[in-house]
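Enquirer: Spelled out, the chains give:
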Amino acid sequence: MTKKLQKILVIGSGPIVIGQAAEFDYAGTQACKSLREEGIETILVNSNPATIMTDTDVADRVYVEPLTVPVLDRIMEREKPDGLLPTLGGQTGLNLAMELHEAGVLEKHDVLLLGSRIDTIKNAEDRDLFRKMLAEIGEPVPPSSTVNNMEEAASAKSEIGLPLVIRPAYTLGGTGGGIATNEDEFEEIVKGGLAASPINQVLIEKSIVGWKELEYEVMRDSADNCITICNMENIDPMGVHTGDSIVVAPSQTLSDNDYQKLRSASLKIIRELGIEGGCNVQFALAPGEIVGETLTDKGTEGEGYYVIEVNPRVSRSSALASKATGYPIARVAAKIAVGRTLDEIPNAVTEKTVAAFEPALDYCVVKIPRWPFDKFPTGDRTLGTQMKATGEVMAIDRTFEAAFQKAVRSLEITNRSILWEDPNWITDDQPMLSTLPIGPNDERLWAVLSALRRNVSPEELSRRTGIDPWFLRAFERITNMENRLIHEHLDQNLMYEAKRLGFPDDRIAILTDRTTEETRRLRKSYGLKPVFKMVDTCAAEFEALTPYFYSTYEEENEAEPLPGPKSLVVGSGPIRIGQGIEFDYCSVHAAWALQEEGLGSIMVNSNPETVSTDFDTSDRLYFEPLDDESIRDILENEELEKNDGQADIPPTIVQFGGQTAINLSQTLDAAGLPILGSTASSIDTASDRHLFEEFLARVGIPNPPGSAVIDLEGALKVAQEIGYPVLVRPSYVLGGRAMEIVQNATELARYMTNAFEAGGGRNVLIDKYFEGREVEVDAVCDGETVLIPGIMEHVERAGVHSGDSMAIYPGLTLSEDEIKTVVDYTTRIGKALDVRGLMNIQYVIIGGSSYRSPRNNKAVTEDTQVYVIEVNPRSSRTIPFISKITGVPMVKLAVKAMLGKKLNDLGYEGGLWKKQDLVGVKAPVFSMAKLAGVDTFLGPEMKSTGEVMGLDKNFEAAATKALMASDLMLPENGAILLSISDEDKSDSVALIKGLHEAGYKFFATEGTAAVINGLEIPVVMVPKRLDDDGPNVVDIISNGTVDAVVNTVTGAREVMQDGFHIRRAAVDNRIPCFTSLDTARAAVESLCKGGANYNVLTIQEYLHPERES
Amino acid sequence: MSKTAYLVLEDGSTFRGIPFGSDSAAYGEVVFNTSMTGYQEMLTDPSYSGQIVVPTYPMIGNYGITKEDNESKEIQVSGFVVRQQCQEPSHRESSSTLADFLLTHDIPGISEIDTRAVTRRIRTHGVMMGALAIDISPEEALSQLENVPEYGNVNYVDQVSASKSYNWTQSLKNIPSKTPDIKILVSDFGLKYNILRILRSNGCTVEVFPSDTTAEELLEQNPDGIMLSPGPGDPELLGYTVKTVKDLLGRVPIMGICLGNQVLAQALGGKTYKLKFGHRGANHPVQDVSTGRVYITAQNHGYSIDPDSLPSEVEISHISMNDQTVEGIRHRSLPAMSIQYHSEASPGPKDNEYIFNRFLDMVREAKL
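Protein chains in written order, with this note's numbering: chain A, 1 to 1109; chain B, 1 to 368.
It is worth saying that the hints were derived from the structure and are not from the lab. One or more of the hints may lead you astray.
[Stated by the list, open to error] Residues on chain A that point at chain B, a partial pick, calculated with CB under 7 Å:
1) T253
2) S264
3) V354
4) E358
5) P469
6) R473
7) A539
8) A540
9) E554
10) E556
11) E721
12) Y724
[Stated by the list, open to error] Here are some chain B residues pointing at chain A (derived, C-beta under 7 Å):
13) Y57
14) P58
15) R92
16) S95
17) T119
18) I296
19) E313
Ideal Cβ placement from N, Cα and C applies to all residues, glycine included.
Excised from the complex, chain B in its bound form:
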């Protein structure tokens, strides 16, 4: 007989499954992701810090774990909930199984869960806190959950941001890097390596800085552009980075991705709010307002920019075709732009690398 474990949601609903990975209880905000591939990239995406992730695709782990597909140095999710975890993966690059990967990083998972039922619950009632009741009863997990701080009250960026600055030299696989001609500093709110790889492949020297680096410290490096990275949590907790960006505006070209987009919006005077159940997946259609073209994007965010809060000098550059929320902004006169979705993909469609080019064009133009 296999052991039993439960996913318990804040509202008391419980879902029965079988534990795998680390043998410990876990707590966090429960979110679902609809991407059918890319579980390793998801697990290692720092934006999932503090969250229990539920992939809606039922069979997870099929192609194992590779040495190359981590998006940060470790697993970032608090817990992982799947319908079926593959114990016998098949892929020529695979070096480990999903269960071993979780175990190595001491992260618990539960399989055999009716993940569609969980998803429908979250879709209907909004994201909520939850627990993986492993080795404890669902009731105990639920009462423990009361002592766990609400996701929205924790500054996860502090936990995942680089502690000191570093240089990045790796480019995308199979794409030789160009001789660098511009210097981009990346403000790390919880970045994914693929952002750095793409910048590097496009002719940038890339340096990563902790999120609390001040504008003056950054400008001392003589950057050609600043990239504000994605990251976890409520953007309203990030007053200090908002101030940094305010100080940078107009002095150096800026691009923000995801949390970076929300930080830029705040620096420009805008506000953010929490979405009912966020956007997480690899199939989100986004319209580029300037061209009318629709692109399929990878997304992972629980907060969004309130369009009515934006000052008139800021234009909405991208909107979600699903719910018309803001997916990108740009300043009408200053070199500052940002997108809510993940142009770096990984996981997800690679349709949006053009955004990097748009930014780098802006940087190169400013440099002239």
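Chain A on its own, in the form it takes in the complex:
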């Protein structure tokens, strides 16, 4: 290396979206720590505030700024880094590195690209170059041919042979492609594909759907030392994105020959690419005999495998491999990137050996993706080449069956245990295999188990699904045990066998007709309890120091109770909509705060992507499902004896793991297990609708009127009393699921009918819907003092889920009185509920104008009322955001308060923390392009997967950056399609005028066009109906006529249907689409008012301008 590396810029991966989740926070955080160990100054840039990596103590200088070329250019200008490390920031990092290279920015600042060279990235990312490179080193790729007409297609077909994959060139999301298994399909798909491609070109490739899919995680250093960390086998065969596949590590059906053949190929490829760091190689391997019977090409000729893809960077799979093996890939990759070699890097697990070794597993790891279809029941559930999962769970045990069952437990899908079967499935006779959803979809695992329960043979299922019989036979051993549990006496041996196969107590309870508690007692009376084994990278060959454990039913327990005072932090499980990375951020900080207070911190979590499941985050990590049984088993394993001989069970912290953790408070309390912080009873008061209303009445704080109802009649009556519109939701679901705003009795009747069908006769909550401004606060309380770090105001009026709203700190449009009231209510609620730790309260302010421009910043003197919408007695999604922009370490203070410290003694007064001289805007980020069939409009049900933060000295600049980072930035001028609901039309005038001033050209649907005409602004009217002649709304989006869309909705279903196509078209064409007028107005305001003059500063500089200047 010619240049000494003293200062390195690390790129994060930005907001959480499908395909890019918390794994890159884990990777980036490890990388920064690792570089600092090397004495290197680290500069970090990421737009996502809900990350540990953007904590000011992870890197030397932290920029929470949009990940764009101009921003990076300015950072490089200021920081003059020696090198840029993009390979830990996912595809975002890699793409940005390419753009920086192409724009000449790297060259301009003389910044060295680390990890992967530009030609390496090109060779791995460009399909043609990739195929060429593989051909040169003799590695097989599926044969393919690029064709421009039917004649060429026919000759390609006869050369390669059916089945074939057809991919049109240059269409978005694979539109117009498909798999042809016969002549007719081939002709049809190729014709369609040629037409869909703007250059009339399609790629015809041999289909290897049905082959086994394998992945190898490989590392290479500058001395050309190469090792594989782990291999992984996808249970779902080729055809399903690996992120959507159930994956097992290590491979289970590969012989040593198979294993080594692919391992050798992986090493050859990483060497040829010249990667210095980690990389992931995906293979298709010829299937076994039974699956082979169903395929034209059984793979018995040639090498028996194909190379599918290489990721020249740390990936989701690397995070999984790290957690599956204990080998810290990102940490080592960062050191390699700065020139260290594998034999010089110490092994963090043994602390005696070096990083140049290959982990040996003595357990089995199963990953199951977590899909969002519980949130989006209307979405297309089919799994294919486009990843749809938002997160994943991992489980470890000594056998596949047990690990698989634990993974299913970890999914935390309401009412869906391993025994779940859809009541609509037809399972009573043989044709069921044609009706059960055993194809690639999110419910396949349950469908397959359902078929096995009805004596469909694993071999038959294997032929139908392409899943190797080995896995299906393991599933059959599970269903056979279910059958034994139903029919045999549950003696000690049967219980032992069931536990060894991974059956949780609650399933044994159902199958043997007992309560879960009785089953647990019986189990313990048989002397059956889990032991805990260590994940040590070396299969026990060497003594290891990793405090990383999993449970199993065997003889030797390796996890002796951690000595001294300690506490268990319950993590937040898989990333899903409504429970994102924010809760992992909180869990990690809770573990650190415990350590700071001299307590042992014990973490439990089931999500392999996270920082919390890094074994050096806490003093001890249990990788386990987050349910009652496993938490109690862990606590019992951690039991110490007091001086007086009494059992000393460590307390549990449930406030930081989102709804998952807080839900455990009641069962833990019932089992007599101590909870740290707010009591189970306080939590119950805040969570239970009835208790909460009583509580508010007692302390004299208003909330929107409403009631719980059990039938349509009751619902209509309540709605009549409180007046429409009303907010309706089933009482049993959380996080805004199935929540709707209903405008009239007809709508209410429709909702109630659906709700009762789905929920089986449970309560529905009906509240008055106030269309006011929404305000949110987080607070920390010690029982006496209530500290509010800041008030956040939502851009969108109430009715849009807080997780999907843009939030502004500080509340720029709030009057002194409104602020006073919010602070007063918050303080009173905190004290009266006796909150110890965190709480989050959402308020709605009604009266006055529905929209105040955050930019005016004028004193407001309208007559308004503040109502409490809800209180969450736990940490919230906004904790990382508010902690970062106010500098108040909320989680740390909360943990200290839970342990009995007083805020006053910690140097904090009660009330509202001093307002910072900055503006922070948090904007949601959606993954809608990846979820076909899902409607994108904003409503009471949360839909976003991640968030970004725009931080600056004024609103316009902060909003501009938030919009840039969330891909909602309007171009400076251009064309826009407006289709605005009647309710919103009068409010839209300012927006239209603003856009007009900016030079925008208007397209609009009929009614909206009339409004625009009325303002004497030119507009092109576009037909809304898709069957009308001429370019309709969808056409002008698809053909690029417009650059943005504003489409607002009301609850009315028909109108929603019309707008659905507009919104989907905008998403599929990746242009900004605003479904709330408020968001659109904020966007237009930031467009017009000098938004482009934003700062690029570190978070430290925004917070302490005086210190940093």
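Assemble the complex: chain A is given as a structure, and chain B must be docked to it using the hints.
Expert: Chain B in isolation, oriented as in the chain A frame:
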């Protein structure tokens, strides 16, 4: 109810499981192997003669038993101890199950054992003798164990070496053999077939000789090189082969693998010692001292060369990155080199075939 069986260690610790394979008790030195694949190759590796092998990977037998993956003509281990044995394997080349394979060769196994606990015991207290208590009580097995000779006192090489010489003609699968241009004699201390396949594929005629063949007998064949094979047991029991190698030194290029490495070291004046729990697995990092490069190797040895015992004309060519033990030596002036690990893999990573090329280069150079 399944039958119960026990693994009993010399120190009295017992582990409960379920028997499979042959229904008889077994005795031997208990060792663990951390490789996640390759159980068939392990079972048939003669270096495991006299040992009860415990794979640390818990699920064994998943891909069945194939007709092609034996490393010798039969199962060589005394007993096999696993956490879970797969009764329904899935692999297109599989022709039998693990249990049937053991049964056919009359070798007992025990499944459902907490193999990690066994491994930790051995790691902490060192390898020790043990028994598979099948059809007898653990106590009885333990008392029987007292009559079983210590592993280190038995010359297993005599038991596993070829009784007479033979030619080897099979090459590696999918790799056509080159026209042979050199002749390699393999001294069989308990060899694995893959060594022969690799030599054959690299243009050698290969002849295998019993371990007690003398130097003169070997030289009569006009070999271009001698390969000293791996094998079981304490290398210090092999005085006669050490003498053979001494007589060969300088007269013909020599390469040793594993036990062959230890024999060569002794012939060069070095000594060996017993490791606490040996190296057995497919993930062992070894540094090639001449290049500084690290290779992942397959290993299976319980003894090692004492580096301080080596004369100055011998250099250490390879060292273990795990514990810095000697993993290879070469003579500074004579054509003699050896490695402690298994460059032939099978099971294990195929990163080290370059060692064969290094040897064959040496042979070809000497031939000129």
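Enquirer: Does each hint hold? Answer for all of them.
Expert: Results of checking the hints against the structure:
no.	hint	verdict
1	T253	5 Å, holds
2	S264	5 Å, holds
3	V354	6 Å, holds
4	E358	4 Å, holds
5	P469	5 Å, holds
6	R473	5 Å, holds
7	A539	4 Å, holds
8	A540	4 Å, holds
9	E554	4 Å, holds
10	E556	4 Å, holds
11	E721	63 Å, violated
12	Y724	61 Å, violated
13	Y57	6 Å, holds
14	P58	5 Å, holds
15	R92	5 Å, holds
16	S95	12 Å, violated
17	T119	4 Å, holds
18	I296	5 Å, holds
19	E313	27 Å, violated
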